[in-house]
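Protein chains: 4
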Amino acid sequence: MNAHSITMLGTGLIGDFYTSTLHGQRGRDLVRVVYSRSEARGEAFRDRWGIPESTTDMAAAVNHPDTDVVVVGLPNFLHEEAVALVAQAGKAVLCTKPLGRSAQEARLMLDTVETAGVFAGYLEDLCYTPKTLKAVRSVEAGAIGEVTWVRSREAHPGPHSAWFWDGRLTGGGAIVDLGCHCIEIIRTFVGKGNRPVEVMCHTDTLVHPIADEDNAVALIRFESGALGQFEVSWTFRGGMDLRDEVAGTGGTIWLNHFLRTGFEMFSAGIGGGYVAEKAETSAGWLFPVGDEVTELGYVDMFSDMFRALDEGTQPRETFYDGYVVNAIMDACYRSAKSRAWEPVELVGWRAPTTPRIESAPETFDGQVVIKREVMPDGRTKLILKDPVSGDFSDRLVAGS
Amino acid sequence: MNAHSITMLGTGLIGDFYTSTLHGQRGRDLVRVVYSRSEARGEAFRDRWGIPESTTDMAAAVNHPDTDVVVVGLPNFLHEEAVALVAQAGKAVLCTKPLGRSAQEARLMLDTVETAGVFAGYLEDLCYTPKTLKAVRSVEAGAIGEVTWVRSREAHPGPHSAWFWDGRLTGGGAIVDLGCHCIEIIRTFVGKGNRPVEVMCHTDTLVHPIADEDNAVALIRFESGALGQFEVSWTFRGGMDLRDEVAGTGGTIWLNHFLRTGFEMFSAGIGGGYVAEKAETSAGWLFPVGDEVTELGYVDMFSDMFRALDEGTQPRETFYDGYVVNAIMDACYRSAKSRAWEPVELVGWRAPTTPRIESAPETFDGQVVIKREVMPDGRTKLILKDPVSGDFSDRLVAGS
Amino acid sequence: MNAHSITMLGTGLIGDFYTSTLHGQRGRDLVRVVYSRSEARGEAFRDRWGIPESTTDMAAAVNHPDTDVVVVGLPNFLHEEAVALVAQAGKAVLCTKPLGRSAQEARLMLDTVETAGVFAGYLEDLCYTPKTLKAVRSVEAGAIGEVTWVRSREAHPGPHSAWFWDGRLTGGGAIVDLGCHCIEIIRTFVGKGNRPVEVMCHTDTLVHPIADEDNAVALIRFESGALGQFEVSWTFRGGMDLRDEVAGTGGTIWLNHFLRTGFEMFSAGIGGGYVAEKAETSAGWLFPVGDEVTELGYVDMFSDMFRALDEGTQPRETFYDGYVVNAIMDACYRSAKSRAWEPVELVGWRAPTTPRIESAPETFDGQVVIKREVMPDGRTKLILKDPVSGDFSDRLVAGS
Amino acid sequence: MNAHSITMLGTGLIGDFYTSTLHGQRGRDLVRVVYSRSEARGEAFRDRWGIPESTTDMAAAVNHPDTDVVVVGLPNFLHEEAVALVAQAGKAVLCTKPLGRSAQEARLMLDTVETAGVFAGYLEDLCYTPKTLKAVRSVEAGAIGEVTWVRSREAHPGPHSAWFWDGRLTGGGAIVDLGCHCIEIIRTFVGKGNRPVEVMCHTDTLVHPIADEDNAVALIRFESGALGQFEVSWTFRGGMDLRDEVAGTGGTIWLNHFLRTGFEMFSAGIGGGYVAEKAETSAGWLFPVGDEVTELGYVDMFSDMFRALDEGTQPRETFYDGYVVNAIMDACYRSAKSRAWEPVELVGWRAPTTPRIESAPETFDGQVVIKREVMPDGRTKLILKDPVSGDFSDRLVAGS
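Chains as they are written, first to last, in the working numbering: chain B, 2 to 401; chain H, 2 to 401; chain U, 2 to 401; chain D, 2 to 401.
Hints listed in this document are in silico derivations from the structure and should not be mistaken for laboratory results.
Check before you lean on any hint, since a few could be wrong.
No distinction is drawn between identical chains; accordingly, a pair holds when it is met within one copy or between any pair of copies.
[Claimed, not checked] Simulated pairs of lysine to any residue, SDA-like, Cα-Cα distance not exceeding 20 angstroms:
1) Lys338 to Met2
2) Lys193 to Leu383
3) Lys338 to Glu224
4) Lys338 to Arg222
5) Lys338 to Val198
6) Lys338 to His203
7) Lys372 to Ala269
8) Lys92 to Glu312
9) Lys382 to Ile15
10) Lys382 to Thr282
11) Lys372 to Thr206
12) Lys372 to Met241
13) Lys372 to His24
14) Lys372 to Pro210
15) Lys372 to Gly400
16) Lys382 to His161
17) Lys193 to Ser6
18) Lys382 to Leu14
19) Lys372 to Pro160
20) Lys92 to Glu81
21) Lys92 to Leu347
22) Lys372 to Thr250
Bound-form chain B, shown alone:
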């Protein structure tokens, strides 16, 4: 393992999360210089995290002689410019989510880093939560059979910074902000090689007086037949709702990353202080998260990025993944407008074909077995279908 020296671009909430992760615990990789458009914010950030230097010159930060990795933690509309600068500098680049404001922009960035031959990682933290990583290992080990359906939900009362609300700067509303997480979580569970075929999406602006969606629900149909479903909202009340559900032919997984993680507190409202990201109150029943940067995946994300960089391999989340996510989001916006299923348009799908979810019906006495149930008396009840007439019948048989 090498120790890396980092240029941090951006001093917003995400910059704090990233630096808090890198400088937390016993990490060997440290931020060497931070860039902010505002001198004051840059200096405050520098002092907050014990960073040697801050600057308002992005190119200088990127080309700083002592750093080998650049983290792009800027608003969406600045990603492409920043990534181009880093590629030119020949350094490793790690870019926050979403990669672009559109698939076109993301594709441009993908091409940029691939042409330059620099290491590039897509900072999709929620695919790295410890729960997700362990759940994915279980899925890959076959513990729930073949995945048939994944629901990923992210909802809270809306982002903290003004630029998030301006679709011109971000590329959209709640989908671009939150849906990018959900889409990649879904892909992680159905399999990254499982091609997203088409999308159906409904959006609405229900509460906030903005031009973009503050609510959206979408379905994503994958090549295997698996169905992805995401729900995103900037109008949720009660904190931050971050849940995933995975259904398989042989099992089920439910993950709750925020409001119900085994930490419950009631406070009469005395004392006080920071409870958790997006918490609405500091009185009554509160549901803090133990260590947010671990639970939200930042720790394992950076470990994977630097491990891949050190080993000359690809990280779990690449710019190509970011591009696929943007392509799915583009299809969502097209679908919300056309009110129809829209194909996911991908230039160059980088995986082989995924077969349909397997269904190998058992037969019994010339009939198709629809279901088996063990009865209280120990016998088994079979529900059978006659393959000729299509009629169904029950049959009780001994044993299980």
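Since chain B is already given, all that's left is putting chains H, U and D on it; use the hints.
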């Protein structure tokens, strides 16, 4: 309160649930005669529940001189015939869900009872669970503001009886079996007078070798802008998943009716016995429900039905509601086929217009307030939108 | 089933719960007359529940010619007097918890009803919650093996009425108010025939300026070796904490009766209204209970009482049980003072001897097997003890 | 931050957890040499974790010229010898829990490191779980008022290695294995400067054929009046139960570290593999923990140890803390034998006096306010006590 004497049509699982409810606790209404197509099943049912008579003659059961109420607990394809018989007999009729196999069939039943002038109730138990009833009172009292989104989910490994799997007898697959519950739960939360406008539905047959859907997801758009979302499955693993979520402009409600209700048991698999409806196992971690007939709404459902009958009013769930549910399910099947939003076709919508969910943006200093956040230092951060330029900005102000 | 006509003594919170239960749903048993010390409260109660008559004359209420059952819902210091009146009247008597302020007073009541030969039931609702009843059936069926430990906890911010706080009127503090529930829940799980041998109890008055305990923890050792543990508090913050845990040699049961029952609501504090017994707030995250009279056991309790009365049998909870509970509470108070284990003094234990929890150690190759564990590779790891040297060792063997 | 080079003594489960933590993520501190009594186990461990060297010579490992920190991960009976060796070598020593088999042994170790002037840390991981650390910050910020009661519970089906079961080698049974965690968690919440005054403990051997306790419950009374309560068991069924509850005058905290942390999985038992420490099964409903070394506190524990070492300060958990824990466990064993409260005997209490939990009763109109309740109509109900007569009364007043 009068004591009612009941004809029970049907001796399947639902007949057991109904009679267990009626004959449980200290109820005053008793089953007087039970009808089954099978003499043996009728007699077993009669003995199990201490019912005076059983018969294989449906007309005789309906016209039994000592009963004033007939409960239809038969397979779907027999509802219309049974309801017609009861209407002819001039008795009150309570029909299990779904009302019909299609809106057309349901409409016929609705017309039949209205023409005959008999009392008719739609036995949609899940709208009567104690949690649902209390949650609805909270919603009606305004505790969560205006409802923007309702998710209702019902999933289990598939029904227990053969006829459920035969779409010719039922009208479909998981939607007709489970979606009818979800739809009416959604309507209950968004308001029964809130017209369901259109539907988008995706169905698939993923696991069981049958002709109908074993999985479906649907969106229902209501006149107010509220969005209903249901997920039904006959392929869920782990028991019976019965959850509802309601989002409002001022709050959130989460209901869990089955697997996580405050009753958790680990058993090494010794001893044994019935745990809960649709439980898959009797070893390991189990999540029984205390009193299923109460928790699933049967108790409050029959109380409401008989109260309405006694008072000459309408119950919460009428044949008209059953008809609306069937109309929404018809639209779901059309949408699954057309792969597009389909209008909900209703003959005679019986409610006035529902206004759009209200959004009354606050202004501050000539700017539109997008969001308010109380900061750790007690100040309030406003996110503002310039109504002319459309630009967004942050502003910190004193106080909350 | 006969329909019973009831005299209700008392119009406090418990009288409301009882009458709400009896007059709820489709019950056949109705309150005919209510007694209150206050004319105004009696009339309000009468009107609230549609009761024909109210009176301030307790003897007249008890002897009312139309009633056959008297429910004692009065403060503790009036139980003995009321029970004596009912016994004299030769009617069935159902008395709220605790039976007496001391074992001596409870014993007097027990003797009174037994001498008079009247039916007597002890209204210990929490032993009748649907979860408890089902859990007890599982325990009795052997699903968790032999019970080794039961924890019962009841805690809230303190009672609603003034008299509860006056130990002269009640017999003590939180133990007499809440511990009586816990003790009987514990007895129900370890077995009513399992003699409570001795008690160790710690009490303190931590928050409220009163003479009696507002916090207590106690251990109860039973004849089988099973350990009961109760925790009661009038200083809990966050609502009403009502949980039981049962450990067995072959399983575990966790029951949560109030704050986490699958009903979760966040409200911005708009709208409002009654949420649940002992709730502290109507904003933020709230955890209502669906149907309190069912969930707290009142419905099943009255069903059992009237069923037993109709059938001439004993209800689950008798005056003898109430007496045993008082005897255990007396031992708790003695122990809190002596700071030592104190014997439970019972005049006339009405059950045979209970054997010690069975431990039948398996042997392997002449060694005692302490534990078996299945390893990831499918082999089994045995932890063995040499019966001679007392030395322990690990051994890996094939198979499970 | 310096990078440390570590000697690891011991290759059991705890050695794996420690090394997995140190070598996980991007840590800068690495194990340089590992000692095991068994050459084979040492080599396997070395290879498993990529450690340069293994040895069977403990002194050589301790005195290895390249290491500056020694981690003692040996069975209890070897701690004293190992610590003495490290002190002699003048290196920093980090010793696993419990510190000694008795207070006397722990005191000896404390004196040894203090005399030698070496840095010494007590590896009590469960006081470092992210949930605990955040909860403690809330408590210290006053969010739940003054702590009145802490329950800490650790229970599982028994340890994995033979030596744990031999009280001669460990100093006892479940108390020495698990109670040491609970005691220090309790101390952390009531305040490390809050002197443990006396202890009441009940032990039993209910299931396993061993000489020491497999179950224990204990109460610890602190100088402030706060009550600690721990429950430990080697007979729990269902996995590992690791929960803490904290009650304060102004709030409540519930922590669940293992079985209910927002990760729920049902598996039909296909696939398979490691689920979680002490899991009993790999089928049915399973409750894995995301990242065990983080969730169980190992990550933050080592960070704190090395930070303190680097900064020349004390870690959160010192050998003195380990000594206090042993002293409390000694009192538990004395109490279990004497069946009475036993004083905690501490040589040299290193903190000032802690005042009694404050109770400052409010008065109203010359009466003592016992409780305030906001009524549904907005008025406040006061429960008042007359300071002269001791009588209680209710009073309704306007406002809240």
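Verification of the supplied hints:
1. For a Cα distance limit of 20 angstroms, the shortest separation of Lys338 from Met2 qualifies neither inside one copy, at 49 angstroms, nor across copies, at 54 angstroms.
2. Taking the shortest alpha-carbon separations for Lys193 and Leu383, neither the intra-copy value of 37 angstroms nor the inter-copy value of 40 angstroms comes in at or below 20 angstroms.
3. In the homo-oligomer, the alpha carbons of Lys338 and Glu224 lie at most 20 angstroms apart only across protomers (19 angstroms), although the nearest pairing inside one protomer, at 24 angstroms, exceeds that limit.
4. Taking the shortest Cα distances, Lys338 and Arg222 sit within 20 angstroms of each other both inside one copy (18 angstroms) and across copies (15 angstroms).
5. In this assembly of identical chains, the alpha carbons of Lys338 and Val198 lie at most 20 angstroms apart whether taken from the same copy (18 angstroms) or from different copies (17 angstroms).
6. Taking the closest pair of Cα atoms, Lys338 and His203 come within 20 angstroms of each other both inside a single copy (8 angstroms) and across two copies (18 angstroms).
7. In this assembly of identical chains, the alpha carbons of Lys372 and Ala269 lie at most 20 angstroms apart only when taken from different copies (15 angstroms versus 52 angstroms within one copy).
8. Taking the shortest alpha-carbon separations for Lys92 and Glu312, only the intra-copy value of 16 angstroms comes in at or below 20 angstroms, while the best inter-copy value is 34 angstroms.
9. Taking the closest pair of Cα atoms, Lys382 and Ile15 come within 20 angstroms of each other only across two copies (18 angstroms); inside a single copy the shortest separation is 55 angstroms, beyond that limit.
10. In this assembly of identical chains, the alpha carbons of Lys382 and Thr282 lie at most 20 angstroms apart only when taken from different copies (15 angstroms versus 52 angstroms within one copy).
11. In this homomeric assembly, Lys372 and Thr206 come within 20 angstroms of each other (Cα to Cα) only across copies, at 14 angstroms, whereas the closest approach inside a single copy is 44 angstroms.
12. In this assembly of identical chains, Lys372 and Met241 lie within 20 angstroms of each other by CA distance solely across copies; the values are 15 angstroms between and 39 angstroms within a copy.
13. Taking identical chains as interchangeable, the C-alpha atoms of Lys372 and His24 are never at most 20 angstroms apart, the minima being 54 angstroms within one chain and 32 angstroms between chains.
14. In this homomeric assembly, Lys372 and Pro210 come within 20 angstroms of each other (Cα to Cα) only across copies, at 10 angstroms, whereas the closest approach inside a single copy is 51 angstroms.
15. In the homo-oligomer, the alpha carbons of Lys372 and Gly400 lie at most 20 angstroms apart inside one protomer (15 angstroms), although the nearest pairing across protomers, at 31 angstroms, exceeds that limit.
16. Taking the closest pair of Cα atoms, Lys382 and His161 come within 20 angstroms of each other only across two copies (9 angstroms); inside a single copy the shortest separation is 56 angstroms, beyond that limit.
17. In the homo-oligomer, the alpha carbons of Lys193 and Ser6 never lie at most 20 angstroms apart, since the shortest distance is 31 angstroms inside one protomer and 39 angstroms across protomers.
18. Proximity of Lys382 to Leu14 under the C-alpha cut-off of 20 angstroms is restricted to the inter-copy arrangement: shortest distance 15 angstroms between copies versus 57 angstroms within a copy.
19. Only between protomers do Lys372 and Pro160 lie at most 20 angstroms apart by alpha-carbon distance; the minimum there is 9 angstroms, versus 47 angstroms within a single protomer.
20. Taking identical chains as interchangeable, the C-alpha atoms of Lys92 and Glu81 lie at most 20 angstroms apart only when both belong to the same chain, with a minimum of 15 angstroms there against 51 angstroms between chains.
21. Neither within a single protomer nor between protomers do Lys92 and Leu347 lie at most 20 angstroms apart by alpha-carbon distance, with minima of 27 angstroms and 59 angstroms respectively.
22. Taking the shortest alpha-carbon separations for Lys372 and Thr250, only the intra-copy value of 13 angstroms comes in at or below 20 angstroms, while the best inter-copy value is 34 angstroms.
Of the numbered hints stated above, those contradicted by the structure are hints 1, 2, 13, 17 and 21, listed in ascending order.
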